[in-house]
Amino acid sequence: MVSPQVTNLAIILVMMQLAKKIPFDDPNVLLMVRGMYILSNVIILAVYLYTQSKINQKKDMTTLKYVEPAPMGSGEEPRPVTTTNMDYDKSQLRQLIRSQLMGVGMMGVMHVYFKYTNPLLIQSIIPLKGAFESNLVKIHLFGKPATGDLQRPFKAQGGLMSQGQPKSDKASIESAEKNWRGGVKEE
1 MVSPQVTNLA IILVMMQLAK KIPFDDPNVL LMVRGMYILS NVIILAVYLY TQSKINQKKD
61 MTTLKYVEPA PMGSGEEPRP VTTTNMDYDK SQLRQLIRSQ LMGVGMMGVM HVYFKYTNPL
121 LIQSIIPLKG AFESNLVKIH LFGKPATGDL QRPFKAQGGL MSQGQPKSDK ASIESAEKNW
181 RGGVKEE
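In this text, residue positions in the sequence shown follow the UniProt record's numbering: the first is 1, and each later residue adds one.
For the record, the hints were derived by calculation from the structure and aren't laboratory data.
Any given hint might turn out to be false.
[Said to hold, decoys possible] Quick list of the computed label-pair ranges, beta carbon to beta carbon: (1) A19 with G108: 16 to 24 Å; (2) I38 with S3: 27 to 35 Å; (3) Q151 with I11: 50 to 58 Å; (4) Q95 with I43: 17 to 25 Å; (5) I38 with F114: 16 to 24 Å; (6) L13 with S53: 33 to 41 Å; (7) A70 with D25: 47 to 55 Å; (8) S99 with A19: 17 to 25 Å; (9) S168 with A19: 19 to 27 Å; (10) I11 with N56: 30 to 38 Å; (11) Y116 with S168: 36 to 44 Å; (12) V6 with K58: 19 to 27 Å.
[To be verified] In silico DSBU-like pairs for lysine-lysine, Cα to Cα no more than 30 Å straight-line: (13) K167 with K129; (14) K155 with K178; (15) K65 with K138; (16) K115 with K21; (17) K178 with K144; (18) K155 with K20; (19) K59 with K155; (20) K178 with K138; (21) K144 with K54; (22) K144 with K58; (23) K21 with K59; (24) K167 with K59; (25) K21 with K167; (26) K129 with K144; (27) K115 with K59; (28) K115 with K138; (29) K129 with K21; (30) K129 with K90; (31) K90 with K59; (32) K90 with K144; (33) K144 with K155; (34) K170 with K58; (35) K178 with K167; (36) K90 with K167; (37) K129 with K115; (38) K58 with K90; (39) K20 with K59; (40) K21 with K90.
C-beta atoms are modelled at their ideal positions from N, C-alpha and C, and glycine is treated no differently.
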């Protein structure tokens, strides 16, 4: 199967070439592209809200323990986290919504203040594709089992500022619980 990053790159390259042929100086075309961007974001919000309703409906109170990696360069110890699948899914959904709102804000500044129009086209497709590829949507909307890559805690996407992967093995959890604030440290 093709990596989502590779397909995103292919979409960006195709859309950049397509954007060169679109007459953005025509007000009707510009209005249509703006409408497509707004529709895309409304669909994403609807998908996330529906996912939230599914999470609330399931009420999965299974205990989830994992070790959250320390922020890069902080010098802190990895933090043990004990939560439920429902709370974990809700926190992941909040992150997805916050990320989408940040993207809309940045696009708004780029379009309104700097008058960029080409990114509207690309940003109408990539975030929509990303929403349908998110782990929560795969589990709660498409009904895929939470095993393998979809097992909680989800693996963090690799990037420049990634802080590492959450660990859910028993040894890591016990070590983090022991070394976290208030725990007994061995000298």
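Inset, instruction - Starting from the range 27 to 35 Å, see whether the pair I38 and S3 falls in it by beta-carbon distance. - result: Once the Cβ atoms are compared, 29 Å apart, the range 27 to 35 Å for S3 and I38 holds.
Legend entry - Y116 paired with S168, Cβ distance criterion 36 to 44 Å: Once the Cβ atoms are compared, 42 Å apart, the range 36 to 44 Å for S168 and Y116 holds.
Legend entry - Satisfaction of hint between K115 and K129, Cα-Cα up to 30 Å: holds, 25 Å
Inset, instruction - Kindly confirm whether 33 to 41 Å is satisfied by the beta carbon distance between L13 and S53. - result: About 36 Å separates the Cβ atoms of L13 and S53, which means 33 to 41 Å holds.
Legend entry - Holds or violated: K144 to K155, with C-alpha atoms at most 30 Å apart: holds, 16 Å
Inset, instruction - Mind checking the alpha carbons of K115 and K21 for me, to see if they're no more than 30 Å apart? - result: holds, 18 Å
Legend entry - Distance restraint between K59 and K155, which requires alpha-carbon spacing of 30 Å or less: holds, 22 Å
Legend entry - Restraint status (C-alpha distance of K21 to K59 at most 30 Å): violated, 49 Å
Legend entry - K178 paired with K138 [C-alpha distance capped at 30 Å]: Violated, because 35 Å separates the two Cα atoms, which is more than 30 Å.
Inset, instruction - Given the hint that K167 pairs with K129, test it: the Cα-Cα distance must not exceed 30 Å. - result: Status holds; Cα separation ~28 Å.
Inset, instruction - Take a quick look at whether K129 and K144 sit within 30 Å of each other, Cα to Cα. - result: At roughly 17 Å apart (the allowed maximum being 30 Å), K144 and K129 satisfy the hint.
Inset, instruction - Mind checking the alpha carbons of K170 and K58 for me, to see if they're no more than 30 Å apart? - result: holds, 26 Å
Comparing the model with each numbered hint stated earlier shows that hints 3, 9, 12, 17, 18, 20, 23, 25, 27, 28, 39 and 40 do not hold.
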